[in-house]
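Go by the hints and put chain B onto chain A.
The listed protein sequences correspond, in order, to chains A and B.
Mapping to the UniProt record's numbering: the first sequence position 82 is 82, numbers consecutive.
Mapping to the UniProt record's numbering: the second sequence position 213 is 213, numbers consecutive.
Source of the hints: derived by calculation from the structure; they are not laboratory data.
Some clues are possibly wrong.
Because identical chains share one entry, a pair is satisfied inside a single copy or across any pair of copies.
Keeping only pairs whose Cα atoms sit at most 27 Å apart, straight-line, the calculated BS3-like set for lysine-lysine is [stated by the list, open to error]: (1) K205 <-> K55; (2) K131 <-> K141; (3) K127 <-> K196; (4) K28 <-> K89; (5) K8 <-> K54; (6) K55 <-> K42; (7) K132 <-> K42.
Predicted model, so just to flag it, every value in this text is computed and none were measured.
There are 2 protein chains.
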Amino acid sequence: MEEESSVKLHGMWASPYVLRAKLALNIKGIDFEYIEEDLANKSELVLQHNPVHKKVPVLVHNGLPIAESMIILEYIDETWSDPPHLLPKDPYLRAKHRFWAAYLQETMMILSKTMTNGGKPTEDEMKEYWKKMDMAEELIKAELFSNGCPSFQEAKPGYLDIVLYSFLGTYDVVEEFYGFKHITAERYPFLASWTKALSEVPQVKDATPSSVKVIEILHAMRKNYLQLKG
Amino acid sequence: MEEESSVKLHGMWASPYVLRAKLALNIKGIDFEYIEEDLANKSELVLQHNPVHKKVPVLVHNGLPIAESMIILEYIDETWSDPPHLLPKDPYLRAKHRFWAAYLQETMMILSKTMTNGGKPTEDEMKEYWKKMDMAEELIKAELFSNGCPSFQEAKPGYLDIVLYSFLGTYDVVEEFYGFKHITAERYPFLASWTKALSEVPQVKDATPSSVKVIEILHAMRKNYLQLKG
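Isolated chain A (complex conformation) (with noise of 0.2 Å):
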């Protein structure tokens, strides 16, 4: 049985699918209980819950579980709908922060969807990252941010910020376990500063996890499946 008003996040202290949940609960103030998952051994609920992709973020409110962090991200903003919220009101500017984040995200995959080929980019995609990493710093600058502010200045973080974050918050550990220059301040001075203001919120200061371990995680999961591969 589920008491009223349960909240209950499902994650993985590492996964920045799970720190866009953790992200926009804190945002919004929403009070939860934080189950960490053992991806090797996932519990009951996480199966029964996520049926489908079998993944964490898995967020239970009041019994019903919700799957998939973009989503949640949605489903966050539209049940506890006071403000802040994390995707404008305009429609025309709703669209705008969705192709953008599904564009972050897309730009994320290109990298993290290497690691079951340990983690090493061939030249070709290296070469599509750059040439997306290049079209957000100019576009989204254009698009959204026009008198140079990052939306967050005037409110809290929202659906896109999420997202940034989640992507580029812990670029230092995708510059180590990568082993290139990722985002600098020279290259990509829009996005390093968006994603360096992003990282001095409170919220989002206390949620994200130490470089230092998931850089740990990242060399493990590396050799697991180089190993599993033969």
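Showing chain B alone in chain A's frame:
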């Protein structure tokens, strides 16, 4: 200069993604101007309005461009907020519809991404494909259609119906092109009857392209890709 309340859809007649936008506009009863694009020679307008993906559909509403079919569906539902609604009102049901729409989109992509390799899915891809189809058959029915009725029997087709139909509405085309029995009433009675019921809704029927012509263009595309690969 755009006049007040001008709605233009830039598309390509055989695209399932363009079909989604057409269906949404038809179902909502929104008058729009349809502009067919030559994909080999895209208009300045598409390049200017969707500089990132340079793809159709692009919806241009009062001069403002919206790209990506799923985002266009949300935009249409939020902008023209009178019924019929494409997404349910309840946040939990909205999350479920979004989840299954994204799932069907992923399933569809397993086959469609093989097009650049000449439209020949590998054994592993086919295995993944059938697994996802089996799960869709079982779980969408269990989670959303427990009484056996497709959602649109109570209202007009919505977001999830549109995404389902863009994938399976032309399944005879897919069967002919890929050379395997795709959805049969024996194997997928629920998905097959849902798709059939949708195909009989006038707003859907009117927007569906001719199977014969779609097969022609798919074969032409396969030939082009194979030639490009040398």
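Against the structure, the hints:
Taking the shortest alpha-carbon separations for K205 and K55, only the intra-copy value of 24 Å comes in at or below 27 Å, while the best inter-copy value is 38 Å. Taking the shortest Cα distances, K131 and K141 sit within 27 Å of each other inside one copy (16 Å), while across copies they are farther apart (41 Å). When the C-alpha separation of K127 and K196 is checked against a cutoff of 27 Å, the pair qualifies only within one copy, where the shortest distance is 25 Å, while the shortest distance between copies is 43 Å. Proximity of K28 to K89 under the C-alpha cut-off of 27 Å is found in both arrangements, the shortest distances being 16 Å within a copy and 21 Å between copies.
In this assembly of identical chains, K8 and K54 lie within 27 Å of each other by CA distance solely inside one copy; the values are 16 Å within and 41 Å between copies. Proximity of K55 to K42 under the C-alpha cut-off of 27 Å is restricted to the intra-copy arrangement: shortest distance 9 Å within a copy versus 40 Å between copies. Taking identical chains as interchangeable, the C-alpha atoms of K132 and K42 lie at most 27 Å apart only when they sit on different chains, with a minimum of 21 Å there against 34 Å within one chain.
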